[in-house]
Amino acid sequence: MAIVVSRHDSRYQTLKQGQNLRWPSVEANAAARIVLCENAADAADALQAIVSEGVRPTVRSGGHCYEDFVVNNPAGAILDLSLMSTVGKRSGESVYRIGPGAQLWNAYSELYKRYGATLPAGTCGTVGAGGHITGGGYGLLSRLHGLSCDWLSAVDILTVDAKGTVVPRTASAHRDADLFRACRGGGGGNFGVITSYVFDELPQAPAEVIEAHVRFIWSDTTVERFVRIMKTFGDYWETRGQAPDTWGMFAVLTVAHHSNPGFGMSVQFCNPDGTCNDLTVLNDYLDLFAQCGGVTTTTAPKTTHGQPSGGKAATPRDPTEAVCLGVHTVRRTSWLYATATEAGGPGRLRGKYKSVYMKRGFTEAEARCIYKHMHRTAGSIDLKASMVEIDSYGGAINRPGFANTTAMAQRSSVIKMQPMTFWSDAEDDAAHSTWLNDFYTELYSGPDSDPLHPGTPFPGPRYEGCYINYPDKEMLAYPYWPQLYYGVEGLYPFLQAVKRKYDPNNIFHHAMSIRN
Amino acid sequence: MFEHEPWNRRRFLQASLTLPASRYTRLLHGALLSQDMTAVLPHVAFLGTTGESPGIHVYRADGQRWILQQAIATKAPVSLALHPDGRMLYVLQELSEWEGLPRGAVETFQVETSTGKLRSLGCQGLSLSAIMPRHLAVSPDGTALVVAVQGGGAYNLLPIGVDGQLGTVRSIVKETGCGPDAQHQGSARPQTVLFDRNGHVITADMGSDRLTVFGYDAGLRTLSRHLLPAGSGPRHLALHPSSRRLYVANVLSSSIIGLHYDAHAGVIRDQFVQSCEGYGETLAIHPSSDTLYSSRGDEIAAWRIAPATGMLSVKQRTRMAATVVHELIASAEGQALIAVTSCGVARIRVDSTTGALGNLVSITPMAATRCFTMKPLDTIGAPQLPSMQHR
Ligand SMILES: Cc1cc2nc3c(=O)[nH]c(=O)nc-3n(C[C@H](O)[C@H](O)[C@H](O)COP(=O)(O)OP(=O)(O)OC[C@H]3O[C@@H](n4cnc5c(N)ncnc54)[C@H](O)[C@@H]3O)c2cc1C
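Top line first, the protein sequences correspond to chains E and D. Sequential numbering of the first sequence, starting at 0, is according to the numbering used here. Sequential numbering of the second sequence, starting at 33, is according to the numbering used here.
So that you can see chain E by itself, here it is in the shape it has in the complex:
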């Protein structure tokens, strides 16, 4: 039996919110109840009751949605699957299952301890499998092993037919194959309620990894030097970084606002076989940045997303060992420990994010624009937690074939970038959004942008649009926003057809859901 938390319940005030404290934006937008389900049968019954009552269900797993898709649900019901968090093989089954409520850190830990396996998924430990995998799901091992949706073999999903009846389905390449493809990257909250992710196979976790951190000090970084850093990063991932011997290396360059003393790059490395026996690729890479003022350290800058690590019960004991690599001092550590450290805790801040896929490295104009905005202030708001996170990309993600069997269109990019800003006071909402929006719009209105789609990284020779797991409602201002998220090759019309077929009533909808 599902647990129903309504307004009078002491848990309501906490559970009506997600991780991003921007929503519910006003009390009137809050859901009337939260229905916590413990298994697929619960979820089916609860969903049927909600639909029959004429109420709008939204679906929540980890609660990390970047926009208001779940939590702004006036008088509606949040179907919360966070308790459906089992990870592993059922007795008598050979497949791996991940419950939608599993937090990524727990999934990594369980898969590792039971099977030595892993999922090439995201870094934030409390992100839920539920929204993450169906939105694509990438992380530090994705250049080596592809996206998490690439490994998916089936989903158990509840859809609602034209009559309003809940239909439990197992969608795979063999049954409801169109729905299955749509669930492999099309984004959460579109077609139904996923109650289980099924994987026939998963990659083995690396035995160990090397972690390196490179620091740059703003006071030493002229705009010319900044351009050089950006071009060095971009050129590497556009060229050398696409060769298979580098696929085990993943770099995150986090350019923090100038109100911080500096910014940094974190690198996780292993050889394609999951060992750290040959560190030449890493060493060569780090050398490039030493030439532009980077200092390699063993301590991570404050973790990405402005959210400090911690809050996890299960972090293994630190087994790190400092390693001298030429002029660089790096850390050798167990993969699980590295992943735990990276994972971070729940954010519980206010945040606004944008995204872009880049098919090429940075141009000088782009680098200068980033520099300019990282030095720009906006009234009195604090921009210490404002940054651009720039991830290396490509490698196994860009292996041919997946574009047609998944719903992730972006298979030619070498960098994935995420401008973002965090704050805590509601009165700063507009100022932070404006700061970020002005930055992004100018970045994609420059000489390298598509003049027909100004202000956006429209798919073309340089860019490949945006990431649906990093949704940004401001992109709705562009009538072609579906092409930004789903490409120009017909994926969006395909998803629309799937939507009409499996959700004819548009029960599952939000501001950026597939429109039928």
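Check each hint, because a few of them may be wrong.
Here are the computed distance ranges between Cβ atoms for each label pair [stated by the list, open to error]:
hint : chain 1 : residue 1 : chain 2 : residue 2 : range
1    : E       : S51       : D       : V356      : 35 to 43 Å
2    : E       : G378      : D       : E131      : 21 to 29 Å
3    : E       : D8        : D       : V356      : 48 to 56 Å
4    : E       : R514      : D       : S274      : 25 to 33 Å
5    : E       : A31       : D       : T385      : 47 to 55 Å
Over 12 Å on every C-beta distance to chain E, these chain D residues come out as not near it, computed from the model [unchecked claim]:
hint : residue
6    : P74
7    : S85
8    : R92
9    : S128
10   : V194
11   : D228
12   : T244
13   : E309
14   : G329
15   : M343
Some chain D residues well away from chain E (every beta-carbon gap over 10 Å; in silico) [stated by the list, open to error]:
hint : residue
16   : Q101
17   : I104
18   : V346
19   : T385
These aren't lab readings, by the way, just hints derived from the structure by calculation. Don't be surprised by glycine CBs; every beta carbon is placed ideally from N, CA and C.
For this one, chain E is given, so just place chain D with the ligand on it according to the hints.
Chain D with the ligand alone, transformed into the frame defined by chain E:
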């Protein structure tokens, strides 16, 4: 059976293309029109048009003389309703996107007291996924507005403040259901909302063949459901002035049916008129004479309602050749039937005692006319008691 020379589309269009509406009306006088009806109060008439230049056209209507006061642009008017006190006109926008979100919207216009001229006060978006809304109605006490959302398969309730302004959507009912007609009944398609005198909302859903009665307080509450035969496709409703009988126009089965209605409980009971074939698009009831009017395509019929049983027998049929009738409205005085057609608004004389259709009195040609409402000029902008009359 047809009593009149059909009024044809060509005449409507010719006029609307070449002449201002008021001149056309005068031109026709004598040639085509019958004698004017007995003098009626001056009204303000609001006519919504779609097509290339969508807008609201405001007329001062003195009997057959309709004089254009104002034409004001708006996005996609599909249904109009006045606040009971006549201060505000609510215009439903048949949109699939409003401010970037998948939803339609309602625009509020302030109505000037002496002229009926409009001033936009802005738009209120409907709920997410409430795309292509179809029809709206204002509660008799003027505190709520309810929208039937055809595209999104839903109903929305928006509160109306004491100043007549709309609040944000307060209640959403998301419908599901389908019928055998694959083209029109793939999912729920609410078409019509109608308030009874107790403030219950009676609704017709073409997609699911279902009538629903809602009560409302904080939000819409389902009081009862009534399932029609599969494939009926209920499109429009008319409540008899007694409030005891509800007539339903079924567009897919092309029929009219009658149902007993309990306005106290908000419950639709058994069906007493089985099926009158052939006229299932829009309905209107004469205020005093037990006459039901219905239309299909360009045809209009008048039916006698047997006072004791509510049974229907056809009295008259006529045609508006080649212009589609969107709405029929019986004037409150019982002297005219207004046919809102794709080519403009026609006033048809009605015998106020028998309800019989007379001649065409006047035509206000306007291409792509979609919706209409009117009200006596002296009740515009002036507070008055709630009125149940659908005008
Ligand atoms: C701190 C942080 C770090 C991140 N790091 C990464 C990263 O490294 N890599 C990456 O790829 N992404 C990353 N993301 C983005 C993340 O993948 C998305 O926010 C993801 O959609 C969150 O899923 P959730 O279940 O936690 O969120 P929720 O808010 O629960 O759901 C997100 C969306 O998915 C829908 N949904 C949730 N569960 C289900 C279900 N069971 N069935 C159908 N729909 C469902 C929801 O309705 C909603 O639309 C990060 C996000 C944050 C906040």
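Here's how the hints hold up against the structure:
1. E:S51 - D:V356: 35 to 43 Å: 36 Å, holds
2. E:G378 - D:E131: 21 to 29 Å: At roughly 26 Å between Cβ atoms, E131 (chain D) and G378 (chain E) fall inside 21 to 29 Å, so the hint holds.
3. E:D8 - D:V356: 48 to 56 Å: Holds - the Cβ-Cβ distance for D8 (chain E) and V356 (chain D), about 53 Å, lies within 48 to 56 Å.
4. E:R514 - D:S274: 25 to 33 Å: Since R514 (chain E) and S274 (chain D) have Cβ atoms about 44 Å apart, the given range 25 to 33 Å is violated.
5. E:A31 - D:T385: 47 to 55 Å: The hint (47 to 55 Å, Cβ to Cβ) holds, given that A31 (chain E) and T385 (chain D) are roughly 53 Å apart.
6. P74: The claim holds: P74 (chain D) sits with its nearest Cβ about 42 Å from chain E, beyond 12 Å.
7. S85: 22 Å, holds
8. R92: Holds, because the least Cβ-Cβ distance between R92 (chain D) and chain E comes to about 40 Å, which exceeds 12 Å.
9. S128: The assertion about S128 (chain D) is violated, with a minimum of 8 Å to chain E.
10. V194: Given that every Cβ of chain E is farther than 12 Å from that of V194 (chain D), nearest at about 19 Å, it holds.
11. D228: For D228 (chain D), whose nearest Cβ neighbour in chain E is about 20 Å away, the distance exceeds 12 Å, so it holds.
12. T244: 9 Å, violated
13. E309: Holds, because the least Cβ-Cβ distance between E309 (chain D) and chain E comes to about 28 Å, which exceeds 12 Å.
14. G329: 28 Å, holds
15. M343: 34 Å, holds
16. Q101: 36 Å, holds
17. I104: It holds; I104 (chain D) is separated from chain E by about 26 Å at its closest Cβ, greater than 10 Å.
18. V346: 36 Å, holds
19. T385: 44 Å, holds
The structure shown violates the earlier hints numbered 4, 9 and 12.
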